[in-house]
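**Q** Working from the sequences, and respecting the hints, build out all of it.
Each chain, written out:
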Amino acid sequence: EAQVTQNPRYLITVTGKKLTVTCSQNMNHEYMSWYRQDPGLGLRQIYYSMNVEVTDKGDVPEGYKVSRKEKRNFPLILESPSPNQTSLYFCASSLVWGEKLFFGSGTQLSVL
Amino acid sequence: DQQVKQNSPSLSVQEGRISILNCDYTNSMFDYFLWYKKYPAEGPTFLISISSIKDKNEDGRFTVFLNKSAKHLSLHIVPSQPGDSAVYFCAAGVKGAGSYQLTFGKGTKLSVIP
Numbered sequence: 319e320a321q322v323t324q325n326p327r328y329l330i331t332v333t334g335k336k337l338t339v340t341c342s343q344n345m346n347h348e349y350m351s352w353y354r355q356d357p358g359l360g361l362r363q364i365y366y367s368m369n370v371e372v373t374d375k376g377d378v379p380e381g382y383k384v385s386r387k388e389k390r391n392f393p394l395i396l397e398s399p400s401p402n403q404t405s406l407y408f409c410a411s412s413l414v415w416g417e418k419l420f421f422g423s424g425t426q427l428s429v430l
Numbered sequence: 002d003q004q005v006k007q008n009s010p011s012l013s014v015q016e017g018r019i020s021i022l023n024c025d026y027t028n029s030m031f032d033y034f035l036w037y038k039k040y041p042a043e044g045p046t047f048l049i050s051i052s053s054i055k056d057k058n059e060d061g062r063f064t065v066f067l068n069k070s071a072k073h074l075s076l077h078i079v080p081s082q083p084g085d086s087a088v089y090f091c092a093a094g095v096k097g098a099g100s101y102q103l104t105f106g107k108g109t110k111l112s113v114i115p
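Just so you know, the protein sequences line up as chains U and P, in that order. Note that our numbering gives residue 351 to position 33 of the first sequence, counting from 1, and the numbers run on in steps of one. Note that our numbering gives residue 19 to position 18 of the second sequence, counting from 1, and the numbers run on in steps of one.
These aren't lab readings, by the way, just hints derived from the structure by calculation. Some hints could be false.
DSBU-like, lysine-lysine: derived pairs with alpha carbons at most 35 Å apart [stated by the list, open to error]:
| # | chain 1 | residue 1 | chain 2 | residue 2 |
| --- | --- | --- | --- | --- |
| 1 | U | 335 | U | 375 |
| 2 | U | 375 | P | 72 |
| 3 | U | 418 | U | 375 |
| 4 | U | 335 | P | 38 |
FRET-style restraints, in silico, Cβ to Cβ [stated by the list, open to error]:
| # | chain 1 | residue 1 | chain 2 | residue 2 | range |
| --- | --- | --- | --- | --- | --- |
| 5 | P | 79 | U | 331 | 44 to 52 Å |
| 6 | P | 4 | U | 413 | 20 to 28 Å |
| 7 | P | 54 | U | 401 | 44 to 52 Å |
| 8 | U | 371 | P | 75 | 37 to 45 Å |
| 9 | U | 398 | P | 32 | 35 to 43 Å |
| 10 | U | 320 | P | 71 | 33 to 41 Å |
| 11 | U | 335 | P | 13 | 39 to 47 Å |
| 12 | U | 327 | P | 79 | 34 to 42 Å |
| 13 | P | 21 | U | 406 | 21 to 29 Å |
| 14 | U | 423 | P | 61 | 19 to 27 Å |
We put the beta carbon where it would ideally sit given N, CA and C, even for glycine.
**A** Right, dumping it as structure tokens:
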């Protein structure tokens, strides 16, 4: 089944404790992206990747890192999480830029 | 500066009637537009898209209209069904090289009343 898989679905952590949210797609998509969804703010793009080893900042990249060492994986790294990073995170992918995005089921992160 | 605006946070419609969801944008560089639907506890799913070279695109019960001069697009759902109750996001992007971001609106929660 074609899908974008994020893990974990739920995560509670404390300020400053490094964490990684994984994202994997099995559709051989070139374009991958991370979004966060906050009440009243909709979906905002954090980082995106056009292909392996090609990443760039979105609208709200501060406090986040990404890497794209393999085509299928695009992990989101929070080196030192803070409470303002408490949010619902979505990973998405598309065959190439400009095609429709397929989203994962989301990761609800709480930073205490 | 919010480049994609969905000014109605919520909308209620009777089953069988038409639902019209609106979206305005400010960036004249946007040349393609998409609508996504989101149920609680799920990721958004693609619904329909339109390129700036068109002013209308249909897919079954869903039609998207684009008015470039007004920088406005709308999603029509006819007839509305209870299963359409969800949050709808409008998104816009530039297909040309140099900008690879998709900008989303804040969403409109549609409730279809049986």
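**Q** Lying within 33 to 41 Å: is that true of the beta-carbon distance residue 320 (chain U) to residue 71 (chain P)?
**A** Holds: the Cβ-Cβ distance is about 37 Å, inside 33 to 41 Å.
**Q** For the pair we were handed, residue 335 (chain U) and residue 38 (chain P), check the Cα-Cα distance against 35 Å.
**A** 34 Å, holds
**Q** Check the following: the C-beta atoms of residue 21 (chain P) and residue 406 (chain U) are separated by a distance inside 21 to 29 Å.
**A** Holds - the Cβ-Cβ distance for residue 21 (chain P) and residue 406 (chain U), about 27 Å, lies within 21 to 29 Å.
**Q** Take a quick look at whether residue 335 (chain U) and residue 375 (chain U) sit within 35 Å of each other, Cα to Cα.
**A** Cα-Cα ~23 Å, so holds.
**Q** Given the hint of 19 to 27 Å, check if residue 423 (chain U) and residue 61 (chain P) actually sit that far apart at their C-beta atoms.
**A** 25 Å, holds
**Q** What's the verdict on residue 375 (chain U) and residue 72 (chain P), does the C-alpha distance respect the 35 Å limit or exceed it?
**A** 26 Å, holds
**Q** Using the Cβ atoms, figure out if residue 371 (chain U) sits within 37 to 45 Å of residue 75 (chain P).
**A** Given about 40 Å between the Cβ atoms, the range holds.
**Q** Is the distance from the Cβ of residue 335 (chain U) to the Cβ of residue 13 (chain P) consistent with 39 to 47 Å?
**A** At 43 Å between Cβs, range holds.
**Q** Between the beta carbons of residue 327 (chain U) and residue 79 (chain P), is the distance compatible with 34 to 42 Å?
**A** 35 Å, holds
**Q** Go ahead and decide if the range 44 to 52 Å is satisfied by the Cβ distance of residue 54 (chain P) to residue 401 (chain U).
**A** 45 Å, holds
**Q** Confirm or reject the claim that residue 4 (chain P) and residue 413 (chain U) have a C-beta distance inside 20 to 28 Å.
**A** At roughly 25 Å between Cβ atoms, residue 413 (chain U) and residue 4 (chain P) fall inside 20 to 28 Å, so the hint holds.
**Q** Taking the CB of residue 398 (chain U) and the CB of residue 32 (chain P), does the distance hold inside 35 to 43 Å?
**A** Cβ of residue 398 (chain U) to Cβ of residue 32 (chain P): about 38 Å, so the range 35 to 43 Å holds.
The structure fails none of the hints (numbered hints given earlier).
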